[in-house]
Every structure is written in structure tokens, then in C-alpha cells.
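J.: Protein chains in written order, with numbering that gives the first Met the number 0: chain A, 0 to 314; chain B, 0 to 314.
Source of the hints: derived by calculation from the structure; they are not laboratory data. Hints may contain errors.
Stated by the list, open to error - Far from chain B, some chain A residues (derived; all Cβ distances over 10 Å):
no.	residue
1	Pro-20
2	Gly-22
3	Glu-60
4	His-185
5	Leu-195
6	Ser-202
7	Val-307
What the hints assert, rightly or not - One-sided and incomplete, this derived list gives chain B residues near chain A with beta-carbon spacing under 7 Å:
no.	residue
8	Met-90
9	Leu-238
10	Glu-245
11	Asn-249
All C-beta atoms in this analysis are idealised placements derived from N, C-alpha and C, irrespective of residue type, glycine included.
Number of protein chains: 2
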Amino acid sequence: MKALFFDGQASMRDLAEPGPPPGEALVRVLMAGVCNTDLEIMQGYMGFQGVLGHEFVGMVEACDNEHLRGKRVVGEINCVCHDCRYCQLEMPNHCARRTVLGILNRNGAFAEYLTLPEENLHIVPEGVPDEVAVFTEPVAAAFRIVEQLSIEDGQRVIVLGDGKLGQLIAQVLWLRSKNTLCVGKHPWKLALLDALNIETALSDDSIEPGADVVVEVTGSAAGLQRALELVRPEGAVVLKTTVAGESAMNMSLPVINEVRIVGSRCGPFRPALEALALGNVEVRPLISETYPLAEAAEAMERAKAPDVMKVLLRA
Amino acid sequence: MKALFFDGQASMRDLAEPGPPPGEALVRVLMAGVCNTDLEIMQGYMGFQGVLGHEFVGMVEACDNEHLRGKRVVGEINCVCHDCRYCQLEMPNHCARRTVLGILNRNGAFAEYLTLPEENLHIVPEGVPDEVAVFTEPVAAAFRIVEQLSIEDGQRVIVLGDGKLGQLIAQVLWLRSKNTLCVGKHPWKLALLDALNIETALSDDSIEPGADVVVEVTGSAAGLQRALELVRPEGAVVLKTTVAGESAMNMSLPVINEVRIVGSRCGPFRPALEALALGNVEVRPLISETYPLAEAAEAMERAKAPDVMKVLLRA
Numbered sequence: 000m001k002a003l004f005f006d007g008q009a010s011m012r013d014l015a016e017p018g019p020p021p022g023e024a025l026v027r028v029l030m031a032g033v034c035n036t037d038l039e040i041m042q043g044y045m046g047f048q049g050v051l052g053h054e055f056v057g058m059v060e061a062c063d064n065e066h067l068r069g070k071r072v073v074g075e076i077n078c079v080c081h082d083c084r085y086c087q088l089e090m091p092n093h094c095a096r097r098t099v100l101g102i103l104n105r106n107g108a109f110a111e112y113l114t115l116p117e118e119n120l121h122i123v124p125e126g127v128p129d130e131v132a133v134f135t136e137p138v139a140a141a142f143r144i145v146e147q148l149s150i151e152d153g154q155r156v157i158v159l160g161d162g163k164l165g166q167l168i169a170q171v172l173w174l175r176s177k178n179t180l181c182v183g184k185h186p187w188k189l190a191l192l193d194a195l196n197i198e199t200a201l202s203d204d205s206i207e208p209g210a211d212v213v214v215e216v217t218g219s220a221a222g223l224q225r226a227l228e229l230v231r232p233e234g235a236v237v238l239k240t241t242v243a244g245e246s247a248m249n250m251s252l253p254v255i256n257e258v259r260i261v262g263s264r265c266g267p268f269r270p271a272l273e274a275l276a277l278g279n280v281e282v283r284p285l286i287s288e289t290y291p292l293a294e295a296a297e298a299m300e301r302a303k304a305p306d307v308m309k310v311l312l313r314a
Numbered sequence: 000m001k002a003l004f005f006d007g008q009a010s011m012r013d014l015a016e017p018g019p020p021p022g023e024a025l026v027r028v029l030m031a032g033v034c035n036t037d038l039e040i041m042q043g044y045m046g047f048q049g050v051l052g053h054e055f056v057g058m059v060e061a062c063d064n065e066h067l068r069g070k071r072v073v074g075e076i077n078c079v080c081h082d083c084r085y086c087q088l089e090m091p092n093h094c095a096r097r098t099v100l101g102i103l104n105r106n107g108a109f110a111e112y113l114t115l116p117e118e119n120l121h122i123v124p125e126g127v128p129d130e131v132a133v134f135t136e137p138v139a140a141a142f143r144i145v146e147q148l149s150i151e152d153g154q155r156v157i158v159l160g161d162g163k164l165g166q167l168i169a170q171v172l173w174l175r176s177k178n179t180l181c182v183g184k185h186p187w188k189l190a191l192l193d194a195l196n197i198e199t200a201l202s203d204d205s206i207e208p209g210a211d212v213v214v215e216v217t218g219s220a221a222g223l224q225r226a227l228e229l230v231r232p233e234g235a236v237v238l239k240t241t242v243a244g245e246s247a248m249n250m251s252l253p254v255i256n257e258v259r260i261v262g263s264r265c266g267p268f269r270p271a272l273e274a275l276a277l278g279n280v281e282v283r284p285l286i287s288e289t290y291p292l293a294e295a296a297e298a299m300e301r302a303k304a305p306d307v308m309k310v311l312l313r314a
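Given the sequences, and given the hints that come with them, work out the whole structure.
T.: Set out below in C-alpha cells:
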């Protein structure tokens, strides 16, 4: 099968079709999305080697569970042991022995086929088209924030970063509090949120500090310091940016202001699928381009450009 | 009156005895303690100019409230407006217009007299000697942690830092969980905790990661990175260190592990006084030297030395 393989360089390869081990399903990938994490991995993040990609929608071609067979599915990316301390503490996403689709010791979704444990799969409601369903994983990552923090209507929320994930987070948090502001560097990106009546500002604008919650999703190491300047005392800063390398921060500020800084990674698929099915989160305006899988290498190059948002791959 | 005044240099000066404004008490200082924050201020932290010092025990010489007059007291250091957003949110320690004893726009305790709002004062129980009561403020800072996090017995707690505040924190957290370890660089300091049956380790020792809570109180910018390596996924890192300047940290680690980093500053005086009165926290072993106020400048120099813990000043 065709797959985009990374071993220091990303290139299309012809690999054997994977045989699912017991408990796993064979999934034919219909559509996959390029995430900034994929681009970070190509810069050395996680030290990953293998097939890239972790956002997908696909058809179950083979599996033991008859309810899944032949169904269109999306899949949670952390594959867990059920046995370690963190699995027993009901924190499976932190399983000490986990593999992660396209990120850690498991081939990913930029391929004709992938395998995942059956328990990771969620059936996609019929009315949700592929190019919407493929956003389930990043929308779930946005919903992780409201699992970690209670955000109530009226609370002042600032999302720093107008990229793909930043926009999904702004949309999801806006469902909780209409007092949500997205700050970015790109007028054309912010315009997508303006169209949804979500307030936006440019990074260079003067922004009133004292927000209850600031989400750092700039993808840049400098974002944390600004988040710490914008959040109120005893407020929360949510970290979504993963960058290879170190960030500088003035530690006195969060101590004096007793800020909570909360790391946030993968989230729950069910509320994400529901929001996509109901149209509560609008993902189609984020799609810049769609490439056939055979041109995945070109698609990755294109995804790095400053003038694109989401790049999709189709079978 | 004699006072240790800082304006880029710390020197003894003869200042006018302060006249307490309405609502404030005039307090004759009996004993004061040197904190690392005082030493940081002398390095430029907070840009403070004035009389140094914020840990004290004293006698109320004049005030409107007859219940306080003539009483021996300790005092909370944040003086607040009762009017700003944070006061109204019942977060007075974050008052936007606060002054802070010996730290922000208010003369401090290394003097014969100070003034503080009556509401800041707590009467010291009779059985608590001055050299114990003078520790109320830093013990309260330790109790702040258990206001912010619920720590249950059996939870694994690591305190990074064996200095004055680190030791008080280790003692307070040990009251909640006997599974508390203090990690430091100084065998003679750690021996003080060994004597209390609190587990200790040297920084160079190999320490099992996966702690539920790690408190960073090393006073060094490098402590945060180690704390992030020792805490378990979804665990908490408490920041107590305030250092002038920036720290480097790898931001991916707290994102992947979804760590909560919690800044922590001033705490509640009542549980601190109670712990001191009951002997649940042992402070006398931390006292290295006591100087008369007239020798405060020498005391500050001495407090910088690596072979001392708490330095006290007496009237």
C-alpha cells in the first residue's frame, strides 16, 4: 500500500498492508488531515519514525466486532495497555506503555490502511461528511480544555493563536462563554472567526489583561510569556503548544499571581462528534486544500506555507 | 527610629517613627526574620525602595481596636483596598492596589516600629515564644499549598529545595501525607528533617519519577525543569520560587503529561499559628543566628552565606 513514511525525510513508500493484531481493526483510510504536530515531528519532535498522520476518517474493513465491520469510523490515537498505573487510575491517555497513531511507535494515517484497537473507534453519524469527520481528533483536543477547566458563560477567555487548532479551540470555548477573544497575526485567518461572530484581535493590538482563562496555542515559544501577562491572578493558562526545544519564562509572574498553568493534550471524541454533527463547530472554512494520498509529500510541503490552514489527503 | 533602608544599597538609617493612618496600628517590632525574598529584593526583585523585612512579631503600641492594644501580634503582609475587582472576588492577596510590607510601596519590619491595618494583625497565643511566632508568615506560605491542592495521605509528594521555606513546606505537607520526600543539596540541612522522621534525598540521588505533587522551592531557575521530570501525568507542580529573570523550560513535557503548574504565594495565618502553638511544625532548629536590629546590615550579609538557615533580628 502507499504510505508517507518518515525516517528523517518524508517520502512515499510502498509498504505491506498491515495485518491487525487481535483486538485491532483494519481501517481503510478515506481522508486524513495534516496537523502541526506532523510538521513538528518532521523537525525531530518525539523522535518518531514511521508512517505519519493521526487525523483520519476511514472504513472498517476487518475486525472481530461485527458492529464495527463495514462502518465509517474515526479513531482515538492513544493505544493503551490497561495494566499500568495510569491505566488503572483511569488516565488511559497517559498509559506508560502507550503507542500513539503516527506519533509514538505506531504507523499513522497517511496511508491506504491503518490498524487501531477496536475500542479506539467511534462510528461517524451518517450526516457528517468525510471532510468534516476528519476534524474529530483536533476538535476533541479542544474539548479536552472544558474537561480540565470549568468555563462558565461570561468568563473572559483569550485564545492566543489563530491557526487550525486555535480556531477550533476558540469555537469550542465560545460555546461555553460568548466572552471569548481569539488573538492572531493573520487578518485572513481571523476573518474566518469574525464570520462566526467570534471576537478577534491582532497580536499587536493592545489587549486588556485580567482574562479568566488564556489558551496558549500560538505554536511559538514566546506565547507563554504573553499568556502569563494577560491572565488574571488565580486565573488559568492552558498550554496546547508542543514545540521541540525550550521556552523562556519569567517564573515570578505566575508565582505572584498564583496562576494555574495547565498542560492539555488529547480529548474526548464523543462531544467532538456531536458538535460536528450538530454544526456547533464549523470546520469547512478551515480547509485550504485537498491532495490525493499519492501526493502526500507535496501536501506536507504545502502545509508548511503561511497562507494555508488545513490540508487534507484523500484516498 | 533605627531601620534598615534599601535604595539600591541596604543601610541603617534614623527614620521618623511612623504615625499610623486611620485603621492602622502602630506595632513595636520585637523580632523579625530574614527571608530569601529580602535577599532577592536586594538584587533588584520588585524594584522596591524602603525599609526591608516582612516576617515579624511585635507589640501593638497604638490602635483604635481596644482588643488589639498592648497585644503581641503577627501580621499579614498584603494591605488591600476592599474595592477593586480582586478584593470583590474575595482574593484580597491579589488586590490590584495592594501595598506589601517591606516588598511593595510599604515600609517593612527591619525597624523599631511598623504600621499595618488592624485587620492584618493576629494575636499570638501566650505559649508561643517570639522566636517561634516570627515564623508565622513563612509557615502560612506553606499552608497556602494545601489551600490550593488537596493532598491526601499516601500521595507521593516531593519538595525540591532544602532551604528555610522548603523545610517548612516539607513539614506542613508531611502533616497531610507521610509519603513526603525533601530533596536538597546540603546534608546538614537535610539532617534537620531527618531528625523529624521526614524522608530526604540529595539532589544527585536517583529519584523515582511519578510523584503526585512536586513543590519547586529551590530558589533556582533550573528547579522547574526537574520538577516537570519528577511529576506524574496529570500531577501538580507547585511553584514557590520567585527569582528575578527568566527560566528555561521544555514546554512539551507539561503538555504531553497534562501537568498542572500552580503558582503559590502568601497563605493563611490561622492554621500557621495553630501549627506553631501545637508544635506540629518545628521551627527552632532552623534558626542559625540572631542579631540586634542595630546590626541588621551585617545580618543581611550573613544571611547570604551558604552555611546559615534563618537569621533573626531582635529589638
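J.: Look at each hint and say if it fits the structure.
T.: Hints, one by one, checked against the model:
Every beta carbon of chain B lies more than 10 Å from that of A/Pro-20, the smallest distance being close to 25 Å; the non-interface claim holds. For A/Gly-22, the shortest C-beta to C-beta distance to chain B comes to about 24 Å, beyond the 10 Å cut-off, and the non-interface label holds. A cut-off of 10 Å between C-beta atoms confirms that A/Glu-60 is not in contact with chain B; the least separation is 32 Å. At roughly 22 Å, the least C-beta separation between A/His-185 and chain B is larger than 10 Å, which holds for a residue marked as non-interface.
No Cβ of chain B approaches the Cβ of A/Leu-195 within 10 Å, the least distance being about 26 Å, so the stated non-interface status holds. With a minimum CB-CB distance of about 19 Å to chain B, A/Ser-202 clears the 10 Å threshold, and the non-interface call stands. With a closest Cβ-Cβ approach of about 24 Å to chain B, A/Val-307 is found to remain outside the 10 Å limit, as its non-interface label requires. Checking B/Met-90 against chain A: minimum C-beta separation of about 6 Å stays under 7 Å; hint holds.
Look at B/Leu-238: its Cβ gets to within about 5 Å of chain A, closer than 7 Å, so that hint holds up. Checking B/Glu-245 against chain A by beta carbon gives a least distance of about 4 Å; that is within 7 Å, so the hint holds. Hint status for B/Asn-249 relative to chain A: holds, with the closest Cβ pair at about 5 Å, below 7 Å.
Of the hints listed earlier, there is not a single one the structure fails to meet.
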